[in-house]
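Asker: Sequence:
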Amino acid sequence: MPVSPTKIGVGPWFHKKIVDPLLQILRRGAEPKQLAFSAALGITLGVFPICGVTVFLCGMAIALLGSLCHSPSVMLANFIATPIELSLVVPFLRFGEVISGGPHFPLTSDAMKKVLTGHASREVLLSIVHALLGWLVAAPFILVILYIIFLPCCKLLVHKFSPVPSSPKKPLHPHMEVKLKVRDV
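Just so we're aligned: 38 in my numbering is position 38 of the sequence shown, and the numbers increase by one with no gaps anywhere.
Where hints are given, some of them may not hold.
What the hints assert, rightly or not - Taking lysine-lysine and the BS3-like style, the derived pairs with C-alpha atoms no more than 30 Å apart in a straight line are:
hint: 1; residue 1: 155; residue 2: 33
hint: 2; residue 1: 160; residue 2: 16
hint: 3; residue 1: 16; residue 2: 33
hint: 4; residue 1: 160; residue 2: 33
hint: 5; residue 1: 114; residue 2: 16
To be verified - Per label pair, the in silico range of CB-to-CB distance:
hint: 6; residue 1: 99; residue 2: 122; range: 11 to 21 Å
hint: 7; residue 1: 113; residue 2: 31; range: 24 to 34 Å
hint: 8; residue 1: 106; residue 2: 152; range: 37 to 47 Å
hint: 9; residue 1: 152; residue 2: 27; range: 18 to 28 Å
hint: 10; residue 1: 152; residue 2: 18; range: 17 to 27 Å
hint: 11; residue 1: 11; residue 2: 56; range: 29 to 39 Å
hint: 12; residue 1: 29; residue 2: 98; range: 41 to 51 Å
hint: 13; residue 1: 83; residue 2: 159; range: 26 to 36 Å
Since the hints were derived computationally from the structure, they do not count as laboratory data. Idealized CB from N, CA, C, for every residue including glycine.
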């Protein structure tokens, strides 16, 4: 008998940690372009190949970009990117090796043991540099592709869930006009 994800707590967890924060962001009325950029930035920084530093990278990006990005969206996207980050470490490593023409690093349990015990050799450190290089070259492309994908999604979601217009130039209800009477005093 298959086990339903809602019976083991994945459904409520997903709703509480991802869906509810996303709906709060959308209901507060944010610009679709800003949301798309922020989500793309959060995921791009969230797949940085060194685990544990993505939150600091996102914080630095938020501080540097200021009002150009939506900080809750960046952090939510970073949170969502965590499982993706772990799955992309090896592809970034291999991509960095190809770019640099460096030697192929064998991923063995012995190499992992050396990393975890703090006895990393030169080859392990070089593999980390290769993974960083792979991410550094891929990151601008990841950011642009995600922005292109997220922009129509964000426009649709903001239109559907936002109680306020996404732009001050747009009326809340396009068919409703506000007429002001001018009085002579």
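Asker: For every hint, state whether the structure bears it out.
Answerer: A quick look at each hint next to the structure:
no. : hint                     : verdict
1   : 155 with 33              : holds (8 Å)
2   : 160 with 16              : holds (20 Å)
3   : 16 with 33               : holds (25 Å)
4   : 160 with 33              : holds (15 Å)
5   : 114 with 16              : violated (38 Å)
6   : 99 with 122: 11 to 21 Å  : holds (19 Å)
7   : 113 with 31: 24 to 34 Å  : violated (48 Å)
8   : 106 with 152: 37 to 47 Å : holds (43 Å)
9   : 152 with 27: 18 to 28 Å  : holds (20 Å)
10  : 152 with 18: 17 to 27 Å  : holds (20 Å)
11  : 11 with 56: 29 to 39 Å   : holds (31 Å)
12  : 29 with 98: 41 to 51 Å   : holds (45 Å)
13  : 83 with 159: 26 to 36 Å  : holds (29 Å)
The structure does not agree with the numbered hints 5 and 7 stated previously, though it agrees with the rest.
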